[in-house]
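Novice: Make the full structure from the sequences, and use the hints.
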Amino acid sequence: MQRQILALDMAGTPRKWVSAENAVAYYAKGVVAYEFGAVEMIFHGGWQRNGVRSCIQVSNIIAVRGPEFITRDYSRTPLLNSDKLYARDRHLCAYCGVQYRERDLSRDHVIPVARGGRDTWMNLVTACRACNVRKANRTPEQAHMPLLYLPYIPSRWEDFILVNRHILADQMEYLLAKVPSTSRLRATCSAGF
1 MQRQILALDM
11 AGTPRKWVSA
21 ENAVAYYAKG
31 VVAYEFGAVE
41 MIFHGGWQRN
51 GVRSCIQVSN
61 IIAVRGPEFI
71 TRDYSRTPLL
81 NSDKLYARDR
91 HLCAYCGVQY
101 RERDLSRDHV
111 IPVARGGRDT
121 WMNLVTACRA
131 CNVRKANRTP
141 EQAHMPLLYL
151 PYIPSRWEDF
161 ILVNRHILAD
171 QMEYLLAKVP
181 STSRLRATCS
191 AGF
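Quick note, the sequence shown lines up with residues 1 to 193 if you use our numbering.
Check each hint, because a few of them may be wrong.
[To be verified] Computed cross-link-like contacts, DSSO-like style, restricted to lysine-lysine with a CA-CA straight-line distance of at most 27 Å:
1. K178 <-> K16
2. K16 <-> K84
3. K178 <-> K84
4. K29 <-> K16
No lab work stands behind these hints: they were computed from the structure. Because the structure is a prediction, the values reported are computed rather than measured.
Specialist: What follows is the structure, encoded as structure tokens:
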């Protein structure tokens, strides 16, 4: 498992997770504007004529200058996938409240697709397979299975937490500082889930 470096734009907004090798390339090009966090890795290069060996220290969080790091749309809805949905919902079934492993979970459409429901953050919850089968092609009200929590659209900051399972402490601290105080994800991450 390779550690990921959190790459920010000049304003400090997360742009993407990058490999340490890509981070080294940003350092070598001179486009790293500033950095936070501990030094994650030290890369040694070749020897210079004067006997000094080149060395690049890569921090956990870097801000990068350049056109690919200009944030244009802060209101963009994060892309949806099952892994991020399960993480958002803390691997808890929305109907029985039991926490499951990922392989025992499924995506449930609150309003079924056959009834006009869409594949969106606000219409999807995590459900165990048994509850999803029991609910079938009905709304929670029709199935007499009330939701134990409501779906929500993760913020940009929450999305960066949801997409990476191996976040270092200083990266998590940086991201959590901007996560809404009402977020379920904040409670999960603070508890060390």
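Novice: Hints first: check each against the structure and report whether it holds.
Specialist: We went through each hint and held it up to the structure:
1. K178 <-> K16: Roughly 16 Å separates the two Cα atoms, so the pair holds.
2. K16 <-> K84: Status holds; Cα separation ~15 Å.
3. K178 <-> K84: holds, 18 Å
4. K29 <-> K16: With Cα atoms ~18 Å apart, K29 and K16 stay inside 27 Å; holds.
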